[in-house]
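*Asks:* Each chain, written out:
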Amino acid sequence: MDFMVFQYPMITVQACLDGILLGILFALIAYGMALQWGVMNIINIAQGDLVILGGYIAYFMYLYGIHPAWGVIVSPIIMYFVGVGIYKLVINKVVDRDLFISILATFGISILFMQLMNFAFGADVVLANSGYGTTFLFDSAVVLPNSKIFSAFVSIVFAIGLVIYMKKSKLGRAIRATAQNARAAKILGVDTEKVYAATFGLNAALCGVAGALISITFTIHPYMGLPYTIRSFMIVIVAGLGNLPGVAMSGMGLGVFEEFADYILGTEFRIGSVFLLLVLILVYRRFKLSRKREYLK
Amino acid sequence: MSKNVLLYAAILIFGLAAPFVFPAFKVQLSILCVLIVLATTWNIQGGEMGYNTFGNILFYGLGMYLCASVQVGMFFPLAEWTESGGEKTFVHTPTQFFQGMAAGLIVAAIVPTIVAGLIGYAILGLRGHYFAICTLGLGVAAGEISGGIEIIGAGQGFTTPPFPNVGGLEARGEFFYFLSFGALVLTFIAVRAIYSTRFRLILNAIRDNEDKAEAMGIETMKYKIIGWMVSAFFCGLAGGIMGGLVGYIDSTDVAFDGREMGVFMVLMAILGGKGTLWGPIIGATVFHIFKEGFWTFFLGWQYVALGVLIVVIVIYFPEGIMGWLREKYPERFGEVVDEADRKAQVELK
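First to last, the sequence lines map onto chains D and R.
Each residue of the first sequence is one higher than the one before, counting from 1 in our numbering.
Each residue of the second sequence is one higher than the one before, counting from 1001 in our numbering.
These aren't lab readings, by the way, just hints derived from the structure by calculation.
Beta carbons: idealized from backbone N, C-alpha and C, even for Gly.
Certain hints may be false.
[Unchecked claim] Derived PhoX-like pairs: lysine-lysine, alpha-carbon spacing no greater than 25 Å straight-line: (1) R:K1222 x R:K1212; (2) D:K194 x D:K88; (3) R:K1212 x D:K288; (4) D:K93 x R:K1328; (5) R:K1222 x D:K288.
[Stated by the list, open to error] Cβ pair distances, simulated, as ranges: (6) R:N1004 x D:G266: 26 to 34 Å; (7) D:N41 x R:S1196: 32 to 40 Å; (8) R:A1215 x D:R97: 25 to 33 Å.
Start from the sequences and build out the full structure, keeping to the hints where you can.
*Replies:* Set out below in structure tokens:
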């Protein structure tokens, strides 16, 4: 236990800024999860592994001498096809089935990806060095790597771009129609199968962007996927489906929570505290909902 | 009825004779017993109650740590034991070992039961995928947190007391085999007894439609918690035995191993057929044979194989072996089939 946070206000500022920049990234991943959850009613446990895979694409570009920031463009394009491939192979067989079946199937995909990445890229913790330098604020009391600011900026750009795309484009309208009522959309001539594939591909592409940013900003490791899945799930249930400002806000809140947990409890309990927070939120939600149910009675 | 008695007697005799007939496979058979216990208890939630949990691994790991901690802590300072990291600074005498093991197993069974009762009230109110993800989170959180606690070895692991030097070379394997076989028999008797009462019907009612069950005047929450506590009891017991059998406890790789054991128990129950008494037993046996094959012939690729196996079983075989048999030979399961009706259905298809 370390209570430096409360004695030195600058650490608080540092933690808040770090947390917000981190949380924007989380919100991007959560947006992808909300998309496929809303449209296909699937919870993808492999979400985090898609993120890590996207990160490795950027990392390999870095290894071959290309600046990893280009991964932000390349990674989503590759990940889109990976996502469509996963959809065609597995997900389209579980879309209209029991929810638990889809959770278990994506859990299987997650284990598969973890291990394949472990074979292909090795079990080392890696990061792609962007060489962006750091920004010092308040007489060097707050240190912000420029890569974090860059990643937050790129995430916001992609999120806004996707929102506009969903509103304006034909595919975006088809996706929204399918989310509202798949059967009615089908009757009106929307090829829902294609929409599902595109949704899953878009989700994977978002994961690819987030992964590329994470490989620049933080570190990636084949087994680090599951925490990202849990974080995005948590953000979505706190915000609610289809509530984009909520997703952004709860993403940032989670980021700040994590930074403080890191300072106060110590780094070894960071992931544990995220998972415990998930349990607490779900339990809180259950008691809130049960009160509502009693009231309705 | 007499056919059943004969069957049970045959299985019991086989179980008792197995370590002497196949002395080379004692450890594998003990692990099989533990796997069957886990699959059977998972089936109480996932199969009968419809609450698909990834969190039974929590009780398994808790039982493992508790059993080993009690076994060490009864006679030696626990912190120094984990500090020495498996070097033989302290040695259990045979009496101490067996006393410690007995006390440890009792604690390992009781404490998870209490924990299940306490968290059950909060968690079992969740439905569907919220419950599944919540339990997944619980299991991983337990692993991460126990990996940060110094007194039980933190990241470097916890060596359980080595088996004392009594009764010859084969004694260790035989002791753990009979321990796990005993746990298996106990679990089977308990679960069979539970399934022959009204309790099973209540659990099935909860699975089929919880709101209606509540409306019929069943206190669903009470029964859900009891069901979870029964699972937790046997999961903790199995964990305690497994800890002694493996001889080494690591927070995320052995105890709270959501990636392996936590998925295995789900997979075994689904493979055998959810919601049947024999399904998980058959599923665990088949799965264990497959798994050992994979682990031997595809060393290094086993998780890849596991991932593919999960996807294939879940997509193409969700009813499991028992479900398939039931479809094929409905008469054996006591279902009356109207021949004309069946023909009509076939024609409709």
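*Asks:* Hints numbered earlier in the text: which of these fail when held up against the supplied structure?
*Replies:* Hint 6 contradicted; others consistent.
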